[in-house]
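Taken in order, these protein sequences are the chains called F and Z.
Residue numbers for the first sequence follow my numbering, so the first one is 1 and each next one is one higher.
Residue numbers for the second sequence follow my numbering, so the first one is 98 and each next one is one higher.
Each hint should be verified, as a subset may be incorrect.
Cβ-to-Cβ under 10 Å is the rule here; a few derived chain F residues that face chain Z [claimed, not checked]:
hint	residue
1	LEU2
2	TYR19
3	ALA36
4	VAL40
5	GLN53
6	TRP57
7	ARG61
8	ARG71
9	THR73
10	THR74
If you only want the chain F side, here are some residues facing chain Z, beta carbon under 10 Å, derived [claimed, not checked]:
hint	residue
11	ARG12
12	LEU15
13	SER18
14	ALA41
15	GLU55
16	LEU79
These are calculated hints, taken from the structure and not from any lab test.
Note that the coordinates shown come from a computational prediction; the quantities given were computed from them, not determined experimentally.
No residue lacks a Cβ here, since even glycine has one placed at the ideal position from N, Cα and C.
Spelled out from the first residue to the last, the chains are:
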Amino acid sequence: MLLIHCPYCGPRPELEFSYGGEAHIARPSPPESVSADDWVAFLYLRANRRGLQAERWRHVRGCARFFNALRDTTTDQFLATYRCGEPRPDGGGSASP
Amino acid sequence: MQKFSAWSLLKQAFGGHRGWQPQWRRAAPQSSYDAIIVGGGGHGLGAAYYLASEHGMNRVAVLEKGWIGGGNTGRNTTVIRSNYLFDESARLYDHAVKMWRDLSQHLNYNVMYSPRGVLMLAHSVHDMQVSKRHIHANRCNGVDNEWLSPAECKAFCPPLNIGHDIRYPVLGGALQRRGGTARHDAVAWGYARAADALGVDIVENCEVTGICRDANGAVEAVETTRGRIGSRKIGVAAAGNSSVVMGLAGIRLPLESFPLQALVSEPIKPVLPCVVMSNAIHAYVSQSDKGELVIGAGTDAYTSYTQRGALHVNLHTLAAICELFPAFRRLRMLRNWGGIVDVSPDRSPIICKTAVPGLYLNCGWGTGGFKATPGSAHLFAWTIAHDEPHPLNAPFTLERFRDGLLIDEAAAAAVAH
Numbered sequence: 001m002l003l004i005h006c007p008y009c010g011p012r013p014e015l016e017f018s019y020g021g022e023a024h025i026a027r028p029s030p031p032e033s034v035s036a037d038d039w040v041a042f043l044y045l046r047a048n049r050r051g052l053q054a055e056r057w058r059h060v061r062g063c064a065r066f067f068n069a070l071r072d073t074t075t076d077q078f079l080a081t082y083r084c085g086e087p088r089p090d091g092g093g094s095a096s097p
Numbered sequence: 098m099q100k101f102s103a104w105s106l107l108k109q110a111f112g113g114h115r116g117w118q119p120q121w122r123r124a125a126p127q128s129s130y131d132a133i134i135v136g137g138g139g140h141g142l143g144a145a146y147y148l149a150s151e152h153g154m155n156r157v158a159v160l161e162k163g164w165i166g167g168g169n170t171g172r173n174t175t176v177i178r179s180n181y182l183f184d185e186s187a188r189l190y191d192h193a194v195k196m197w198r199d200l201s202q203h204l205n206y207n208v209m210y211s212p213r214g215v216l217m218l219a220h221s222v223h224d225m226q227v228s229k230r231h232i233h234a235n236r237c238n239g240v241d242n243e244w245l246s247p248a249e250c251k252a253f254c255p256p257l258n259i260g261h262d263i264r265y266p267v268l269g270g271a272l273q274r275r276g277g278t279a280r281h282d283a284v285a286w287g288y289a290r291a292a293d294a295l296g297v298d299i300v301e302n303c304e305v306t307g308i309c310r311d312a313n314g315a316v317e318a319v320e321t322t323r324g325r326i327g328s329r330k331i332g333v334a335a336a337g338n339s340s341v342v343m344g345l346a347g348i349r350l351p352l353e354s355f356p357l358q359a360l361v362s363e364p365i366k367p368v369l370p371c372v373v374m375s376n377a378i379h380a381y382v383s384q385s386d387k388g389e390l391v392i393g394a395g396t397d398a399y400t401s402y403t404q405r406g407a408l409h410v411n412l413h414t415l416a417a418i419c420e421l422f423p424a425f426r427r428l429r430m431l432r433n434w435g436g437i438v439d440v441s442p443d444r445s446p447i448i449c450k451t452a453v454p455g456l457y458l459n460c461g462w463g464t465g466g467f468k469a470t471p472g473s474a475h476l477f478a479w480t481i482a483h484d485e486p487h488p489l490n491a492p493f494t495l496e497r498f499r500d501g502l503l504i505d506e507a508a509a510a511a512v513a514h
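Work out the full structure: start from the sequences and follow the hints.
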C-alpha cells in the first residue's frame, strides 16, 4: 500500500485516497467549435507514461480535496505532491489545471 | 518438429527420454521480414502462427523483449468463457471459445483446455436481473448460458456455501458450461513450436526501441536492442506496454495500464470442479490440475508498470472467497504476482489498422485477454495479411471512440473495474 502525502493533511495510507488519472489535461473550448478528434484526445487518449507521470489524486476519506502528484510508474515512488493550479514541480508538461 | 504421439512417447521412453529436441529454435534476427509481430505472448505468437499457416507468410518474426509467455500470458488465471453482453463481443469471444475446442489437436500440443464450466454468482436482486439479461442476450447470440438456483449451484459446485447467514448470500448463478480453463504456458509454447515449424523466427531478449517510417509515412523497419530489422508490416501485441510501443510511432492510445494480481494456494486434492466468479464481492477462483487454487484479485487503483500490486487488494478477494468457501479458510497461499493490463475506456479490445500504413494494433484486452488468445491471434493475422479487418473484429477499432460506437462491456471481466 502506498503512503501518500496529502498537501493539506500530510502522509496518509492509500486507502484514504481515490485515483483521478493523468493530470493537467485541459478541457477544450468553446465546445461548439471543438473537433471530434479534439474531444477524443480530451476524453480518451492518455500518455499512460512509463516513468514520471503527473496525476490527480483525491483525499476522499480525509479532507476530500483534489491535488496533483508526480509519481514514477516504474517504481510507484512519489517524487512530489502539489496543490491544483500549481505548475508541475519539475517544470515538465503544460501548466494548465 | 518432433510430433507428439503415443508412439513418439514410447519410442523416447526406450531411449531414456534423451532424444527430445528443443521445441523451437533460438533464432537470431534477420535483416528483414515480410511481417514482424512485437510481443511474444499468446496473442503475438498465435498471430505469427496464423500468418504462416493460413496466409502463406513464412518470413515472419516475433520480437519479445523478455522471454516468450513471460508477460500476461504467464500471469493470468487462465479462465475461458464467452458470455459477454453485446453482440460484437459475444461473436468475438465465442470465435475464440470455438477455437479452444480443438486447439490441442490443431497444434499437436496439449494446451489442457478443460471446459469445466464457469459459474458467475448473483448476490442481490440487481445481480439476478443483470445475470438473466446476460443469459438471454447470450442465447440470442448462440452462446450457451443458463440460470441456476442456489441449490443447483450447490449441486454443480459442492464446496460453495449457499447458507443465508453470510454477508452476501448466493441467490443463484449463471453457468456457461463451455467455459473453463487451459494451461497458459502451454498456449505460448504450443504456438511458438507450431510457428517455428513453419519458419517463423522467435527472437527473445529483443526490445523494440524505435519504429522507422519511409518518406510516405509507412513503416519500413523497427530499431531494436539487437539491431535494425526491416518490415513493411508491423503488428503490435504488447499488452500493458502498448502505449509505450505505439508511442514510438507517435500514436497516442486510449489506454491506461494497471497492475492486476493473482495468487495460488498450496496444492490440494480435487475439490473445486468449476470456475467460480462473483462480480459483486469480487471472488474469482478455480483449481488447477496441479491442485492449486488459482485466485484472481482486482486491479490496483493507479496506473503502473511495476508488475506488482498492493496486499490489501488480495486480502479483499480472499475475504470473499473465505466466506463463499469456508473449507478454504485454512489453506496457505504459496505465491502471488502481478501483471500489467492495458485497460480501454469501454473495457473492449482494439484490433485494427492504424493511421500509419503497415502498422497494426492488438491491445486493450484489459483484465481478460487470455480467453480470447486463439481468436484474437487468428483475427489479428487476418487483419495484417489482408490490410483490412475481418468482419468479427471490424467493430473493435480506434475510431469507435471518435464515432461514439463504444462496445461498453463494463462486465467484461465480470469483476468490478
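Hint by hint, where does the structure go against what was stated? Just the numbers, ascending. 7, 11, 16
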